[in-house]
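Engineer: Listed in order, the protein sequences are those of chains U and X.
Note that the working numbering gives residue 165 to position 165 of the first sequence, counting from 1, and the numbers run on in steps of one.
Note that the working numbering gives residue 1210 to position 210 of the second sequence, counting from 1, and the numbers run on in steps of one.
No wet-lab data here; the hints were simulated from the structure.
Incorrect hints may appear among the rest.
[Unchecked claim] Below, computed lysine-lysine pairings styled on DSS-like, alpha-carbon distance capped at 30 Å:
| id | chain 1 | residue 1 | chain 2 | residue 2 |
| --- | --- | --- | --- | --- |
| 1 | X | K1135 | U | K139 |
| 2 | U | K59 | X | K1058 |
| 3 | U | K139 | X | K1130 |
[Claimed, not checked] Ranges between beta-carbon positions, derived for each pair:
| id | chain 1 | residue 1 | chain 2 | residue 2 | range |
| --- | --- | --- | --- | --- | --- |
| 4 | X | R1113 | U | L152 | 21 to 29 Å |
| 5 | U | V79 | X | S1141 | 53 to 61 Å |
| 6 | X | T1183 | U | A60 | 26 to 34 Å |
| 7 | X | E1233 | U | S66 | 49 to 57 Å |
| 8 | U | N235 | X | T1024 | 48 to 56 Å |
| 9 | U | V233 | X | G1138 | 17 to 25 Å |
| 10 | X | K1130 | U | P76 | 56 to 64 Å |
For each residue, glycine too, the CB sits at the ideal point set by N, CA and C.
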Amino acid sequence: MNYHWDWGVFFKSTGIGHEIYLDWFITGLGWTIAVALVAWVIALILGSLLGVMRTLPNKALSGFASGYVALFRNVPLLVQLFLWYFLVPDFLPESLQTWFKQDLKPSTSAYISVVVCLGLFTAARVCEQVRTGIEALPKGQSNAAYAMGFTLPQVYRHVLLPQAFRIIIPPMTSEFLNVFKNSSVASLIGLMELLAQTKQTAEFSANLFEAFTMATLIYFVLNMSLMKLMGWVENRVSVPGLIGSNGK
Amino acid sequence: MTAMIQLSNVSKWYGSFQVLTDCTTQVAKGEVVVVCGPSGSGKSTLIKCVNALEPFQKGTVLVDGISVGDPKTDLPKLRSRVGMVFQHFELFPHLSITENLAIAQMKVLGRSRDEAHERGLKYLDRVGLKAQAAKFPGQLSGGQQQRVAIARALSMDPIAMLFDEPTSALDPEMINEVLDVMTGLAHEGMTMMCVTHEMGFARRVADRVIFMDQGHIVEDCTKEEFFGAPRGERAQQFLSKILQH
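Could you put the whole structure together from the sequences, leaning on the hints where they help?
Structural biologist: Rendered as structure tokens:
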């Protein structure tokens, strides 16, 4: 292969202002984290709520949650993003539409779309994890709680959820990492997150291989750190003698 | 004597399968009633009807005069007055022993943290486990967990106690430590309804014995009558099998 490697490219000027290519990667990483974290907060709150709903005796509530999961899990993420970005705004009331399409900076409207899209998409997956966690608990646990006079919300709050969330930390770690990885779809609607900055660097500098090596490395280090973080969380909340307590 | 627990013509179906048929019995205040019978006879289902953990389709259950099946009944409140001990202990594994003892007192009865802890520890001491207060359920033996479960139920100041096969999941050597606690309770005058196969316990402690088979209450008599000469053939068969050892 006749390719001229140049690892110094990241410190070269981009030709735009005083920026060097490394600045682009840092900005991109910032957007990636901003998208993923906010989407994760939405997914965690909404997903937990839906997961609880799926296990409730009320048919209407559990049916609604099942429908939600079916809808958001069976349509590709990229299709969902295009729907949120290109189609949904057209259905907004006139004033909101103008605001979204004209008043907002393009990067802000893209950001809102991708955060909503990724948040709702991941909520469906979080819902299934939470449901599985609750259903994995013995029926006797809720029976014991009811027998002591707990109400349904108390049974969830004090008995089921604290146990279910501990059980599902490993699969939830995967979902957490997925949000960061999936946030790369934002590059397709023009949000300058990590992948978009990488493509731009590749085009401007012609150092395609270095740019993508850098992106790969950043994604890898970011996700490894998150994995370590979640491992730490799992250890922090582990209970002696309970499954997943590392034999403590 | 007034009946603390009164079951009248209780029937229950799972789909078209009838699990309880016209069950009528009562437990008087201070009385100890043992419910026995072969597996699948409906004993556990019957005792769970008393605090509405199992719904039933026909008949009435009164606890201290309050109808359990009445939709207007405040079930959490009623349940908080009836203690229940389960086959698999059902301590909350994510809470320490002290927290297990205190949580319902605080969340259901509205007691302060200090009061709940003090009461919980008093009953923990009673079952001989005060030293384990800071541990978690997973660190205790089965017998110890069941004693904590009894202490947990007692710290709610129940008017009656339900035991659903409290020793069935225990190693033989741990059965007695649990039965000793239950015997002590009975002698103090606690109203108790116990589903158990421990016929020695029934002989020592029970006032009455109920024998169930295929969802029916087939014997309901004093323990003297039951162990002397059970009237039905099915009960005789059951006893001969269970008392051989």
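Engineer: Please go over all the hints and tell whether each is borne out by the structure.
Structural biologist: How the hints compare with the structure:
For the proposed pair K1135/X and K139/U, the alpha carbon gap of about 24 Å is at most 30 Å, so the pair holds. Under the criterion of a C-alpha separation no larger than 30 Å, the hint pairing K59/U with K1058/X is consistent with the structure, at around 24 Å. At most 30 Å may separate the alpha-carbon atoms for a hinted pair to count; K139/U and K1130/X meet this at roughly 28 Å. A hinted range of 21 to 29 Å holds for the C-beta pair R1113/X and L152/U, which are about 24 Å apart.
The beta-carbon spacing between V79/U and S1141/X, approximately 56 Å, falls within the hinted interval of 53 to 61 Å. The supplied range of 26 to 34 Å is broken by T1183/X and A60/U, whose beta-carbon atoms lie about 49 Å from each other. Our hint of 49 to 57 Å for E1233/X and S66/U holds, since their Cβ atoms are close to 51 Å apart. Look at N235/U against T1024/X: about 55 Å separates their beta carbons, and that is inside 48 to 56 Å.
Between V233/U and G1138/X the CB atoms are about 20 Å apart, so this pair conforms to the stated range of 17 to 25 Å. Checking the proposed 56 to 64 Å range against K1130/X and P76/U shows it holds: the Cβ atoms sit about 60 Å from each other.
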